[in-house]
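Asks: Going down the list, the protein sequences come from chains A and B.
Residue numbering for the first sequence follows our numbering, beginning at 1 and increasing consecutively.
Residue numbering for the second sequence follows our numbering, beginning at 1 and increasing consecutively.
The hints are simulated quantities; they were obtained by calculation from the structure and are not laboratory data.
Built from N, CA and C at the ideal position, the CB exists for glycine as well.
Keep in mind that a hint or two might mislead.
Claimed, not checked - Cβ-to-Cβ under 7 Å is the rule here; a few derived chain B residues that face chain A:
| # | residue |
| --- | --- |
| 1 | G23 |
| 2 | T47 |
| 3 | D51 |
| 4 | Y101 |
| 5 | I123 |
| 6 | F146 |
| 7 | W149 |
| 8 | I156 |
Take a look at the letters that make up each chain.
Protein chains: 2
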Amino acid sequence: MNEYRIEFMDEALRLAKANVNSGKGGPFGAVVVKDGRIIARGVNLVTSNNDPTAHAELIAIRNACAQLEWFELTDCEIYSSCEPCPMCLGAIYWARPAALYFAATRLEAAEAGFDDAMIYGEICTHVEGRKIPTMHVRHKLAASPFIEWKTNGNKIPY
Amino acid sequence: MNEYRIEFMDEALRLAKANVNSGKGGPFGAVVVKDGRIIARGVNLVTSNNDPTAHAELIAIRNACAQLEWFELTDCEIYSSCEPCPMCLGAIYWARPAALYFAATRLEAAEAGFDDAMIYGEICTHVEGRKIPTMHVRHKLAASPFIEWKTNGNKIPY
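Next comes chain A alone, as it looks inside the complex:
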């Protein structure tokens, strides 16, 4: 894990602020660093792309993986202007970078009107009683995709 370098956070915060001025989306920016240089950037494009998943970290991860032509970010660091929401933190775990640095917190995001803190609460709650009604349904074929996966000799694990 490489040490924190302020110039990369400067850039994440610059992207976040500029994104508000551009009108493209929310006040968030992120960069992916590998071997001491920025290999990908991301800003929030939710409203301009009509894509609720277009958060800065998700876009930075997708851009970085496209660069590396691989589905993991081993030996990379992610710098985010704000603590990642649960969606983005989940994406970071799937991407498996070496480190994550963030500046503002989920509480500051909440104060600015974003649902991050609420979603953390929901995700860490039992399925029953969530704000979005959620139901685990029984289906006789529920396990069939996993059986197919376990017995398939051609799969690429991830």
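Go by the hints and put chain B onto chain A.
Replies: Leaving out everything else, chain B in the frame of chain A:
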């Protein structure tokens, strides 16, 4: 909230199983339903697209939003072959559908070799001591994107 209809879960599970056979990615499928019909589908494309965020639910949400030309899925239901991972559950909260149905559980996903249950544990843990080293850093401009957001008269809240 419309009632659960098994034919939509049939389709999510069919997609999940077919995706393994096609070699495109993991054993997961999802559909988005609006007004009693499927408006978008998604399968896991992590390895074929080199995109760790290309989970079935995320892709189904992005496809549905593209269809609706809007960044929310109000009055839609999401059917997923498996309990969404934290990334996908976060995406579902941002998309704000009316309901979520899933068949297999996170534990069945874990048994098949997927990290969902581990990531739930990590997200619900304090920032310190996570498996991916995570650091909240102080930066004098940390709040500047939010200040810009609050004072910008042209923003589209989401």
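Asks: Taking the hints in turn, state whether each one holds.
Replies: Here is how each hint holds up against the structure:
no.: 1; hint: G23; in the structure: holds (6 Å)
no.: 2; hint: T47; in the structure: holds (4 Å)
no.: 3; hint: D51; in the structure: holds (6 Å)
no.: 4; hint: Y101; in the structure: holds (5 Å)
no.: 5; hint: I123; in the structure: holds (6 Å)
no.: 6; hint: F146; in the structure: holds (4 Å)
no.: 7; hint: W149; in the structure: holds (4 Å)
no.: 8; hint: I156; in the structure: holds (4 Å)
The structure fails none of the hints (numbered hints given earlier).
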